[in-house]
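Novice: The lines below spell out each chain.
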Amino acid sequence: MLSLKESAGEALSTPSPALEVSDIQATVLRPRPKPYCGEYVILRVGNAEQGREMLRRILPHVAPADEWWVPSLPGWLGIAFTFEGLKALGVPQSSLDSFPIEFRQGMAARAETLHDFGANAPANWEYPFGTPDVHIALAIYAKTNQDLQEVLDIARKSHHDLPQISVVYRMEFGELPEGRNPFGFKDGLHNPHVEGSGPAPAGTEAQVKAGEFVMSYPDEKGETANVPIPLELRRNGTFVAIRKFHMNVAAFRRYLRAEASSPEEEELIAAKMVGRWRSGAPLVLAPNHDDPALGADGNRNNDFSYANDMKGLSCPFSAHIRRVNPRDALKDEVVAVNLHHFLRRGTNYGSPLPEGVLEDDGAERGGVFLLIGAYLHRQFEFIQSQWITDGNFISHGTEQDPLIGNNDGEGVFTIPRAPVRRRLKGVPRFVSVRGGEYCFMPGLRALRWIADLKPMMEADNVRSR
Amino acid sequence: MATRTVTKPEDQTFEQKIQRARELYATGSEVGKAALEVLIRDLKSGTSRREPATRMSSAGRIGNRQGKVSELLVIAPLAPGGAERLRAMLELRDGDFSDTDKVGTVHDMRFLLLDNETKMLFATAYDGDWDPYIDDFAAKIPDGLDVLFGGIWEGWPGIHSPKVKDWIVSHQIPAVGWYVAHPDLTVKDITRLKRLGKAVDEFLDKVQ
Numbered sequence: 045m046l047s048l049k050e051s052a053g054e055a056l057s058t059p060s061p062a063l064e065v066s067d068i069q070a071t072v073l074r075p076r077p078k079p080y081c082g083e084y085v086i087l088r089v090g091n092a093e094q095g096r097e098m099l100r101r102i103l104p105h106v107a108p109a110d111e112w113w114v115p116s117l118p119g120w121l122g123i124a125f126t127f128e129g130l131k132a133l134g135v136p137q138s139s140l141d142s143f144p145i146e147f148r149q150g151m152a153a154r155a156e157t158l159h160d161f162g163a164n165a166p167a168n169w170e171y172p173f174g175t176p177d178v179h180i181a182l183a184i185y186a187k188t189n190q191d192l193q194e195v196l197d198i199a200r201k202s203h204h205d206l207p208q209i210s211v212v213y214r215m216e217f218g219e220l221p222e223g224r225n226p227f228g229f230k231d232g233l234h235n236p237h238v239e240g241s242g243p244a245p246a247g248t249e250a251q252v253k254a255g256e257f258v259m260s261y262p263d264e265k266g267e268t269a270n271v272p273i274p275l276e277l278r279r280n281g282t283f284v285a286i287r288k289f290h291m292n293v294a295a296f297r298r299y300l301r302a303e304a305s306s307p308e309e310e311e312l313i314a315a316k317m318v319g320r321w322r323s324g325a326p327l328v329l330a331p332n333h334d335d336p337a338l339g340a341d342g343n344r345n346n347d348f349s350y351a352n353d354m355k356g357l358s359c360p361f362s363a364h365i366r367r368v369n370p371r372d373a374l375k376d377e378v379v380a381v382n383l384h385h386f387l388r389r390g391t392n393y394g395s396p397l398p399e400g401v402l403e404d405d406g407a408e409r410g411g412v413f414l415l416i417g418a419y420l421h422r423q424f425e426f427i428q429s430q431w432i433t434d435g436n437f438i439s440h441g442t443e444q445d446p447l448i449g450n451n452d453g454e455g456v457f458t459i460p461r462a463p464v465r466r467r468l469k470g471v472p473r474f475v476s477v478r479g480g481e482y483c484f485m486p487g488l489r490a491l492r493w494i495a496d497l498k499p500m501m502e503a504d505n506v507r508s509r
Numbered sequence: 137m138a139t140r141t142v143t144k145p146e147d148q149t150f151e152q153k154i155q156r157a158r159e160l161y162a163t164g165s166e167v168g169k170a171a172l173e174v175l176i177r178d179l180k181s182g183t184s185r186r187e188p189a190t191r192m193s194s195a196g197r198i199g200n201r202q203g204k205v206s207e208l209l210v211i212a213p214l215a216p217g218g219a220e221r222l223r224a225m226l227e228l229r230d231g232d233f234s235d236t237d238k239v240g241t242v243h244d245m246r247f248l249l250l251d252n253e254t255k256m257l258f259a260t261a262y263d264g265d266w267d268p269y270i271d272d273f274a275a276k277i278p279d280g281l282d283v284l285f286g287g288i289w290e291g292w293p294g295i296h297s298p299k300v301k302d303w304i305v306s307h308q309i310p311a312v313g314w315y316v317a318h319p320d321l322t323v324k325d326i327t328r329l330k331r332l333g334k335a336v337d338e339f340l341d342k343v344q
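Top to bottom, those sequences are chains A and B.
Counted the way my numbering counts, the first sequence spans residues 45 to 509.
Counted the way my numbering counts, the second sequence spans residues 137 to 344.
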């Protein structure tokens with residue numbers, strides 16, 4: 045009988061080489077500032093030379109990840125490109141052709157794989173998401189509005205006299221009180237630790253090879269990404285799946301109210317869905333009641349595994365955080381979890397729905413997530429299709445993630461209990477997809493490479509390296 | 137390869153389909169011709185006429201899917217000595233496929249020697265898509281597929297090869313028709329239902 049290997053990277057004992065943090069964008073490795081505000085801007089490039097001129101101007105302001113563990117900059121700028129965007133900038137055809145199929149198709153075309161049906165279908169997305177008008181995405185993070193305006197001004201000046209560069213989308217975001225998400229949960233608590241990127245925070249699980257998140261370093265398979273070509277383009281670059289979600293907070297509260305017989309039970313069901321209490325305290329460590337001190341303690345709130353909860357009695361198999369980041373929960377399955385991580389840069393938008401309100405006020409509120417990794421196919425797409433919108437991997441049939449699954453009012457949520465499990469039915473869609481895009485986020489030298497492309501280089505003359 | 141009809145099957149009326157089948161069967165054997173009339177009578181009377189729970193759809197790049205279950209059939213030439221190795225491996229196992237059990241998504245696997253033992257046909261039914269999990273197989277059960285195919289199929293590139301997906305696809309033949317009794321049940325569902333059925337039986341035994 046064959047035995048399961050413990051982890052994909054087991055055979056590799058050599059640690060990742062030091063990352064070229066001065067060439068990697070800050071957005072990839074650096075957690076958002078705290079508190080934070082910011083804006084996403086989407087640009088359309090109508091003329092390749094104007095696009096490259098814009099790039100040349102904005103390039104010096106794109107934040108590198110140097111000293112990323114000391115968030116000293118007041119605001120920073122990240123920049124990424126869709127496939128259509130790279131085309132519009134005149135990236136050579138041989139380079140374009142070398143990108144993975146999912147990136148070339150774009151997120152909207154992958155709707156079937158991603159389970160983006162019904163209300164989540166690309167046809168229902170906000171303009172310009174899912175259209176060929178999305179070329180360049182800017183993500184600006186700052187600590188204060190003043191800092192934000194400064195960076196926005198830099199961005200504006202990069203193209204204000206270039207008529208073929210148009211702003212097709214702008215969206216502000218900002219922190220909600222107490223660092224909670226619109227549902228009222230403390231968020232942004234966990235990310236995998238990138239080997240070679242700096243000291244690991246307390247309580248993080250094993251480090252993940254840098255090549256999973258940044259190209260040109262060895263990954264968990266012991267390989268180094270060899271596309272897109274040339275090396276100058278992919279070095280220190282990565283992919284970003286952007287997802288904009290609307291969160292129906294009133295529906296969430298109403299559902300809890302309907303399923304529970306007391307406010308305490310409402311909180312318990314909510315925690316079972318998320319896998320953490322509102323404070324951030326994980327259910328595995330605090331199975332019965334919230335523990336705000338634990339939730340607030342960055343040294344402890346990620347220091348847990350599912351080894352002592354293999355029946356899911358504390359944290360349900362189907363709980364959001366156990367699905368999206370199973371840690372050691374699937375160690376007996378033929379799944380190499382280290383091949384299925386992403387770095388998550390989440391931001392919230394809209395105002396909170398006032399406490400106690402059960403009717404939807406029609407306001408737009410939710411989150412925008414940048415899900416970052418070197419392999420969209422086995423990272424974002426795998427997590428979305430196998431772990432979020434299916435239940436077979438945990439023997440739960442077609443049960444989806446109770447919080448962010450594409451449930452249509454007939455969703456099921458299983459809460460293991462002794463002696464008899466509890467099963468909630470009629471789970472509605474609490475989170476709707478408002479839009480999304482696959483982007484390529486190059487390293488700084490690669491940005492320069494794109495910016496300095498000459499019109500004659502647009503001919504198909506890039507040799508495979 | 138399947139021959140193409142001028143009219144797509146879904147565009148034909150039931151009567152047109154009957155007529156076309158009768159014409160084609162008329163030049164075939166008598167037993168087939170007579171049996172066709174029984175089928176037509178049954179379908180018309182509605183005794184066996186029902187909307188299927190699922191219809192064949194694509195299982196990704198190639199192959200078919202019925203609900204949650206997909207089919208994969210590959211025919212490729214045997215490596216010299218491949219047939220002997222296959223038999224030796226199966227004899228060694230003596231029915232022990234616990235490595236396959238571990239995968240948790242494989243309904244069946246079939247190995248057939250064709251054309252005077254110069255080719256092997258491999259057919260399986262499995263849950264969902266195999267494609268997303270190929271890297272996991274390579275990482276967690278690195279020898280699981282190589283022990284079945286390595287040294288047996290000529291040119292099997294090995295599970296770690298980046299070419300393995302393309303190799304499989306290039307030798308895969310999608311089914312023209314495929315019946316699945318329970319397209320809504322995965323191997324994991326069946327395991328769960330068996331456990332549940334046993335528990336219910338025990339309960340009923342106690343309360344009877």
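Simulated from the structure, these hints should not be mistaken for laboratory data.
Note that the coordinates shown come from a computational prediction; the quantities given were computed from them, not determined experimentally.
Certain hints may be false.
As the list claims (entries may be wrong) - One side only, chain B facing chain A, incomplete, derived with CB under 10 angstroms: (1) Y161; (2) A189; (3) K204; (4) D244; (5) F247; (6) D263; (7) G280; (8) P319; (9) D320; (10) R328.
For glycine and all other residues, C-beta sits at the position ideal for the given N, C-alpha and C.
Novice: Against chain A, is K204 (chain B) within 10 angstroms by beta-carbon distance?
Specialist: holds (7 angstroms)
Novice: Holds or violated: is there a CB of chain A closer than 10 angstroms to the CB of D263 (chain B)?
Specialist: holds (6 angstroms)
Novice: Holds or violated: D244 (chain B) as interface residue toward chain A, Cβ cutoff 10 angstroms?
Specialist: Since the shortest Cβ distance to chain A is 17 angstroms, the answer is violated.
Novice: With chain A as the partner, please determine if R328 (chain B) meets the hint condition of a C-beta pair closer than 10 angstroms.
Specialist: Given a least distance of 5 angstroms, the restraint on R328 (chain B) holds.
Novice: Do the numbers back the hint for P319 (chain B), that is, is its least Cβ distance to chain A under 10 angstroms?
Specialist: violated (13 angstroms)
Novice: How about F247 (chain B): closest beta carbon in chain A under 10 angstroms, or not?
Specialist: violated (18 angstroms)
Novice: Any CB of chain A closer than 10 angstroms to the CB of G280 (chain B)?
Specialist: At 6 angstroms from the nearest chain A Cβ, G280 (chain B) passes the 10 angstroms test, so the hint holds.
Novice: Does the CB of A189 (chain B) sit less than 10 angstroms away from some CB of chain A?
Specialist: Check failed: Cβ of A189 (chain B) comes no nearer than 14 angstroms to chain A, outside 10 angstroms.
Novice: Restraint: D320 (chain B) near chain A, CB-CB cut 10 angstroms. Satisfied or not?
Specialist: holds (9 angstroms)
Novice: Using 10 angstroms as the Cβ threshold, decide whether Y161 (chain B) counts as touching chain A.
Specialist: Constraint on Y161 (chain B) not satisfied, violated at 38 angstroms.
Hints 1, 2, 4, 5 and 8 from the earlier list are contradicted by this structure; the remaining hints agree with it.
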